[in-house]
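Q: Listed below are the residues making up each chain.
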Amino acid sequence: MEFQIIWFILWGLLWAVYFALDGFDFGAGILYPFISKSEIDKKAVLHAIGPVWNGNEVWLITAGGATFAAFPTTYAYMFSYLYTPLLIILFALIFRGVAVELRGKSTSEGMKKFWDFWLFVGSFIPALLFGVAFGNIFMGLPFDDSGYYGTLFRLLNPYGLIVGLLFLFTFIVHGGLWVSLRVPEELANRAFARSKKFWYLQTIAAVLFLIFTAVFTNLYDNFIKTPIWFIVPVLAVACLLLTGFYLIKNKNGRAFVFSALFIIALIFSGLVGLYPNLLPSSIDPKYSLTLFNSSSSPYTLKIMTIVVIIFVPIVIFYQAWTYKTFMYKITEKELKEEGY
Amino acid sequence: MDTVLLLSRLQFAITAAFHFIFVPLTLGLSILIAYMESRYVATGDKDYLRMAKFWGRLFLINFALGVVTGITLEFQFGMNWAEYSRYVGDIFGSPLAIEATLAFFLESTFLGVWIFGWNRISPKLHALSIWLVAFATNLSALWILIANGWMQNPVGYVIRNARAEMVDFWAVVTNPYGILKFFHTVASGWVVAGFFVLGVSAYHLLRKNETEFFKKCFKIGAIFALVSSILVVGVGDFHAKEVAKTQPTKFAAMESLWETTKDAPMYLLLMPDPANEKNSVEAIGIPKFLNILAGQEEIKGLKEFPPQDRPPVTLTFISFRVMVVLGFLFIVLAFLALIKFKKIEQSTTLLRILLWSIPLPYIAGQLGWIVAEVGRQPWIVYGLLRTSEAVSKAVEPAQVVASFIGFTIFYGVLGVIDIYLLSKYARKGPEPKEV
Numbered sequence: 023m024e025f026q027i028i029w030f031i032l033w034g035l036l037w038a039v040y041f042a043l044d045g046f047d048f049g050a051g052i053l054y055p056f057i058s059k060s061e062i063d064k065k066a067v068l069h070a071i072g073p074v075w076n077g078n079e080v081w082l083i084t085a086g087g088a089t090f091a092a093f094p095t096t097y098a099y100m101f102s103y104l105y106t107p108l109l110i111i112l113f114a115l116i117f118r119g120v121a122v123e124l125r126g127k128s129t130s131e132g133m134k135k136f137w138d139f140w141l142f143v144g145s146f147i148p149a150l151l152f153g154v155a156f157g158n159i160f161m162g163l164p165f166d167d168s169g170y171y172g173t174l175f176r177l178l179n180p181y182g183l184i185v186g187l188l189f190l191f192t193f194i195v196h197g198g199l200w201v202s203l204r205v206p207e208e209l210a211n212r213a214f215a216r217s218k219k220f221w222y223l224q225t226i227a228a229v230l231f232l233i234f235t236a237v238f239t240n241l242y243d244n245f246i247k248t249p250i251w252f253i254v255p256v257l258a259v260a261c262l263l264l265t266g267f268y269l270i271k272n273k274n275g276r277a278f279v280f281s282a283l284f285i286i287a288l289i290f291s292g293l294v295g296l297y298p299n300l301l302p303s304s305i306d307p308k309y310s311l312t313l314f315n316s317s318s319s320p321y322t323l324k325i326m327t328i329v330v331i332i333f334v335p336i337v338i339f340y341q342a343w344t345y346k347t348f349m350y351k352i353t354e355k356e357l358k359e360e361g362y
Numbered sequence: 017m018d019t020v021l022l023l024s025r026l027q028f029a030i031t032a033a034f035h036f037i038f039v040p041l042t043l044g045l046s047i048l049i050a051y052m053e054s055r056y057v058a059t060g061d062k063d064y065l066r067m068a069k070f071w072g073r074l075f076l077i078n079f080a081l082g083v084v085t086g087i088t089l090e091f092q093f094g095m096n097w098a099e100y101s102r103y104v105g106d107i108f109g110s111p112l113a114i115e116a117t118l119a120f121f122l123e124s125t126f127l128g129v130w131i132f133g134w135n136r137i138s139p140k141l142h143a144l145s146i147w148l149v150a151f152a153t154n155l156s157a158l159w160i161l162i163a164n165g166w167m168q169n170p171v172g173y174v175i176r177n178a179r180a181e182m183v184d185f186w187a188v189v190t191n192p193y194g195i196l197k198f199f200h201t202v203a204s205g206w207v208v209a210g211f212f213v214l215g216v217s218a219y220h221l222l223r224k225n226e227t228e229f230f231k232k233c234f235k236i237g238a239i240f241a242l243v244s245s246i247l248v249v250g251v252g253d254f255h256a257k258e259v260a261k262t263q264p265t266k267f268a269a270m271e272s273l274w275e276t277t278k279d280a281p282m283y284l285l286l287m288p289d290p291a292n293e294k295n296s297v298e299a300i301g302i303p304k305f306l307n308i309l310a311g312q313e314e315i316k317g318l319k320e321f322p323p324q325d326r327p328p329v330t331l332t333f334i335s336f337r338v339m340v341v342l343g344f345l346f347i348v349l350a351f352l353a354l355i356k357f358k359k360i361e362q363s364t365t366l367l368r369i370l371l372w373s374i375p376l377p378y379i380a381g382q383l384g385w386i387v388a389e390v391g392r393q394p395w396i397v398y399g400l401l402r403t404s405e406a407v408s409k410a411v412e413p414a415q416v417v418a419s420f421i422g423f424t425i426f427y428g429v430l431g432v433i434d435i436y437l438l439s440k441y442a443r444k445g446p447e448p449k450e451v
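In order, the protein sequences belong to chains F and R. Note that my numbering has the first sequence beginning at 23, numbered continuously upward. Note that my numbering has the second sequence beginning at 17, numbered continuously upward.
These are computed hints drawn from the structure, not numbers from a lab. The beta carbon of each residue, even a glycine, is placed where N, CA and C say it ideally should be. Treat the hints with care, since some could be wrong.
What the hints assert, rightly or not - Below 20 angstroms or equal to it, Euclidean Cα-Cα: the simulated EDC-like pairs (lysine to aspartate or glutamate) are: (1) R/231 / R/18; (2) R/409 / F/166; (3) F/358 / R/447; (4) F/271 / F/207; (5) F/127 / R/447.
Unchecked claim - Ranges between beta-carbon positions, derived for each pair: (6) R/441 / F/338: 32 to 42 angstroms; (7) R/33 / F/321: 51 to 61 angstroms; (8) R/277 / F/133: 33 to 43 angstroms; (9) F/27 / R/178: 20 to 30 angstroms; (10) R/400 / F/263: 49 to 59 angstroms; (11) F/342 / R/324: 51 to 61 angstroms; (12) R/328 / F/338: 39 to 49 angstroms; (13) F/336 / R/441: 50 to 60 angstroms.
Start from the sequences and build out the full structure, keeping to the hints where you can.
A: Encoded structure:
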């Protein structure tokens, strides 16, 4: 039983880290056509995410694999109920990845435009749809023990869209900040200015999220039952405000750190509200998939815990080293020389 | 067969087969590039640096597609095969999660370092990062094949709580089926890479372009192709014995053997006739040869099993036969390439054959997977769960029709772009020597 709780936390952590990292890749991809004024600018944005985007995306693959390994019943039903939205996310991620890697290898203008389009679309769609998916998970999906009764259009409900927009604006702010940290001055200023603007939209979406969560979901129940947990969303709000504070102060490094912390606190706020559910049923709570009724056996969870305790710190160590190595300002000279 | 099941099977087949166009080259070429770059670091010979960069560019084009098409497979288990995922997730999920944690992180992170690190880190560290990519790529194959090995030969589990639950992780990890399959598959990927290097080098040697440079590449490719061709055939023999032991229906289908017998000849010419449960052509038999291949005194024929438990015989048989013939052809070709190496630029016929042989190891790999997966039918987990019971119940036919069409179109586009870019950069050759 303890292992189930550990894995519930790890499950949340994997998603949180994934969004905190790949979130800025999405944001960079969304801002890419709007902030780049020249071919060199485009190369700079691609270079800003180039060394790390793929390693970031592996957190998604690990989150998926961990769901499969630790909560197979949730994995099975969550993924098959959300078939079409996941499919769209998948196609978007496929083209996003190929666009980042192959744009630099295409020489014709037509092909470059093709990849530019897919980089934007492939970043925009997952940013929005991951939010819609999580919004719907927070609300619960209409299923019982004999099946699922939802439709694609039912997923695009007002609450799902609010969470979708919150994710979208959050990642845009996050991505603009990351780009501003890495690219040459002028482009960096343009990216930073976008983050500043989108922070207001992000904040509005966050306020709507806090209000409508009370209307559409049962997420607040856990907090009311055990008020100490309010600390998590309070931290999230604090991080969001600090992001705004440092944006106004023109400190992009600190703003980026708090933007990342906001994402992590946001995911964990949702997680506290969901507990013990992984996928609530909106028909009747007795059908909900919880960390108790959908988990793997204690033996499997123990094996997986050992694997994670040994290897995830190693991953974090070398990924941190990568970030340190590539956390420098790209120069125009470098961009003109490189073939990438 | 109902629509969702049929289309889910087709969709898994095309997405897995498409993914496996890119995987084998990655497995082998990463090792060769790591070797080339290490030679550069050790000797300072700039040709090896140009080599690492030239093959590295082709590697990256190929790798980009391998990565993105891999995510599809992980998601698909839950999307299309929910009942399977629920039933076996306690065992099958672990190797997948371990693959991501141990291998994918290492591979993706250090490939990023390799691409962008040329001027940021020391040459030794840079060479180390491509070694880590090569190691991680091959390690990922180990874990996914442990997972697949369990579907072929389930071990270390009990049926409890209406599903298969793991009771012995060590048995799952050391499943001989999975281990043999790992070596067979990885070696087949190295063959692909060996012949890729041979074929592209042959193209340039035929055009007398950078002869010295491409002779060096050719030699590396020839040695690698020869060693891995011998390895793939050798391991394949052990693998076949394991199949005969654990999956009698698959083995019987591979050889199209209908009657249980102690004296099973291998017919060089054979044509299955599944409708009449016999072979319409059987000629030039080598006595008892199947007993040797299977390592068994008595081999069970297909008639031993009820028809609903048998795999499609003709497809399994033909795929296996062609794969085996190709396997031996690779040894011959690689051997010829090596003994003719000294004056290879004059052996234009051999060079032409090698150029046109680039697709053959790819085809052999695809055929191998057909044997493995079609030959496992009607089971998704051999002897434990039928494919028809494994498909998602919540998915509507229209959804799978849409996804199937989507995958076909998008993958088609990506395939064309990949071949276009690979041939463009392969023909372009390395960057000119610095003066």
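Q: Tell me, in ascending order, the numbers of any earlier hints that this structure violates.
A: Per hint list: 1, 7, 8, 13 violated.
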